[in-house]
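Undergrad: Take the given structure of chain A and dock chain B to it, following the hints.
Taken in order, these protein sequences are the chains called A and B.
The first sequence begins at 1 in UniProt numbering and counts up by one.
The second sequence begins at 1 in UniProt numbering and counts up by one.
These are computed hints drawn from the structure, not numbers from a lab.
Do not take every clue at face value.
With the C-beta cut set under 10 Å, the calculated list includes, among others, these residues of chain B facing chain A [claimed, not checked]:
1) F32
2) T72
3) V75
4) V78
5) A80
6) R88
7) R104
8) T107
9) S192
10) A194
11) I197
12) S216
13) P242
Okay, derived cross-link-like pairs now, DSS-like style, lysine-lysine, Cα gap no bigger than 30 Å in a straight line [stated by the list, open to error]:
14) A:K58 to B:K179
15) B:K208 to A:K58
16) B:K39 to B:K274
17) A:K58 to B:K103
Quick caveat, the model's predicted, so the values are computed rather than measured.
Heads up, the beta-carbon is just placed ideally off N, CA and C, and yes, glycines get one too.
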Amino acid sequence: MATLSIPALRTGTPRVLRSRAAGKLLLLALAAAVLAPWAAAHWPGATWPHQLTVHLDKPLATASDWVIDNRDSHPLFLYFFGYISNAVILAVRGVYLTLLAAGWAGVTALSALTAWRLGGVRLAAGTAAAFLACGVLGMWVPTMQTLALMVVAVLASVLVGALLGLAAGLSDRLDRALRPVLDTMQVLPAFAYLLPVVLVFGIGVPAAVLATVVYAAPPMARLTALGLRGADPEVLEAVESLGATRRQRLLTARIPLARKELLLGLNQTIMMALSMAVIAAVIGAGGLGDRVYQALASVDVGAALAAGIPIVLLAVVLDRVTAAAGDGVTRTRTIGWPYALAVTVAVALATRLLGALDWPAGWSLDLAEPVNRAVDWMTAHLYSGVPVIGGTADWAGHFTTWVLDPVRDGLQWLPWWSVLLLVAALAWLIGTWRTALTAVLAMAAIGVLGVWEPSLDTLSQVLAAVAVTLVLGFATGIAAARSDRVERALRPVLDVFQTMPQFVYLIPVVALFGVGRAPAVAAAVVYALPAVVRITAQGLRQVDQAALESARSLGATGRQQLWQVQLPLARRSLLLAVNQGVVLVLAVVIIGGLVGGGALGYDVAFGLAQGDLATGLVAGAAIVCLGLMLDRVTQPTDRRAKKGA
Amino acid sequence: MRRRTTALVGSLVLLTATGCGAADMTKQASPFANAGGAKSVTLSVQSWVGAQSNVAVAQYLLEHELGYRVDTVQVDEVPAWDALSQGRVDALLEDWGHPDQEKRYVTDKKTISRGGDLGVTGHIGWFVPTYLAKQHPDITDWRNLNKYASLFRTAESGGKGQLMDGSPSYVTNDKALVKNLKLDYQVVFAGSEAAQITQMKQFAKEKKPFLTYWYSPQWLFRKVPMTEVKLPAYKEGCDADPAKVACAYPHTPLQKYLNADFARTGGRAAAFLKKFRWTTEDQNEVSLMIAEQKLDPQEAAKKWVDSHPAVWKKWLS
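Isolated chain A (complex conformation) (with noise of 0.2 Å):
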């Protein structure tokens, strides 16, 4: 959904490059050399040693009762949580009456003017049929629900991110120190954290919102701090020159001229605060999650893309209308706000004394039964089977074999101390030594948290899976930059992929491929395909025109061009695809564990099910750990670009 910066293009040459990697592998090698037989000697086995494990159990457990035996008396909760909590519920809670006192038609009114006024009449036109369309799917109440907290949330992130940003725009010091802050932030996938923020408030909106600050916060804090850090040094200058006093200056130009980055970042923040909504759910915010929740609680697809759909809706009519905002083209000949108000204002009172304040009862349109009758035809004719290619049942199992368990098997085979060189390797090889320590730092923190095996394991379903989304996502991405039919025929498809909640896919995975890792993979490259193609194409459209058009005076085929030119100069996009597909990846692999995946997700899932700290904790720090070594082995040095892209 949102615009994408890709850096510029580097061409190194190739063989420095190469002289250089060697030079690390070769330090790499010798490390190896000294290190590992004394690690084999010391602790032989291939999974990390029982020695260096420390063990948590004890003391999270303590600090859970602790803190249940606490939560009504303790001043840190009276003074502290528990205005944060209240403060949340009241902002919440307002919104909320707010949105429910102007009643549907009101609500549709103002958004539709906010979107006239901001983006033109078609886009207020769209706005209003999406509100339309959220009240037709019988679903008007969950979606003022989610409305109300995705408010509070993004006003929270907006503000928490702004501050950071600012920090981080106005000291190089205090950039240098958030920047892993906020990568960290980035990568950690939200299901692995929704347990010490439960623990803390509680199930429910205050919990829910936390939450999603942690998950939407980055993107505005580092979108602020770009556009600070950016602003035309020219103008800075002469607004200095005019005697402006340093606040001046920041509030006088540096802020307005950081307009576009500031805009970029409410509409990621936006965005990813959707995604979190149903997340959420699972520590029980209400609203449309909920709904989507409960649907598959009774195996009904069909309810829960009913209320899929209008997330899915409010994502792209958010998403267009923070666009719009950010072009800054102000648009003449549509009304200004007073008027906007007014007409608001004017509708929600005829609806009230209509006493029409509720969606009406009777417009609403089943959507669930069609969709359940198309779901039950596919799990009965392609479960098992079909002739020749088999059933999806048989895939899943044939995948599960022979892809899966060899991969797990096989990493889970590795001595321990090999799989951490494996990882130094890598990782120092596509980035800096940091990175590099940063990877196998992560690895190791694994091993000591004792979750080596579950995490070899959930890292077995994370690779086989991302290598399924680069063929498709590669496959598709070139497809698509090479025409434009096909682009645009793929931008709706990629959008609805993209915000539908990842739970959706759930069920209709478990029909096709039946319990177990196969499921959870799937969904995870469906979640992760998008990102993939839209990048892939992205950056093979970027490749310099000059480049390709010397290749074709050459005589290079139509195959030559995108194996000799076009890939090898998209070569960081791809690898922003890949790193993109990678954590993407991982935050669905992890949900998995609610179709069978096991290992790190089941812990998880676990954890908050059962409210069991000491495994639900360790398993989120271990996913945690993942997601950094994973970012880290598949991070281009350099790379600017924002989850979710």
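TA: Chain B alone, transformed into the frame defined by chain A:
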């Protein structure tokens, strides 16, 4: 500068003196509750369909007979206890037995109070489909399970037989049971009830053998008839040590729990929820409508309410 400091200190003092009381974490209802002046009740729903049925019927009657607005939140049992104690939800209608939580919140902290029996008795066990039990009558004894392990092999079970377990929120000793009874089986966790049901239906459609952790009351029995596998008999306390369990699961009369404040001040809604009590058949009837006929839970509840006035009239008196 000085003036600003004074003002700051002054306002701080003022804040501490007046508004800055303790923020009680136990008194925080959902922000969506009581909206628009309506009296409202927040019910927790658990992920299985039986629990959805309880809530659907309670919600329907609360809304249509007593004039409340009902919010529902999907939470697993253990977090639901926590939410109950904090007043985030008002009631938990189907609890399968959590002695630790009961001691902590009901006995010690007194933030949750008992709501009485639901009227349904729950039982967990291992089940095979009845078509399989007819083929191999001796398969329903745990001592013969090893003989049949190869029947239950899947891609996930790594050469052993697959014992399918469900959601992480369920009470289960299956890993310990497999180990302590020396069974050649691998416990595979489906991860959610939805996944487990979907898989069982797929197996049943093809008459494939499967062995699963399952429980009654459950609507799926009517769609996929299943026979319980006998495990060593349950004796009081035989499941005390989770690592040494080698016996079957008990029969549990399912319980309701209410937030203590709500139980005292909840008026007709609280009285109604305390009296809510129905049978396994009633629950299954609603569950089947929700899960199999894919009725909206509220429509299913309406159908049941319309046809069983004698049962629910008692709850309102």
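Undergrad: Which numbered hints are broken by the structure, listed smallest first?
TA: 8, 12, 13, 15
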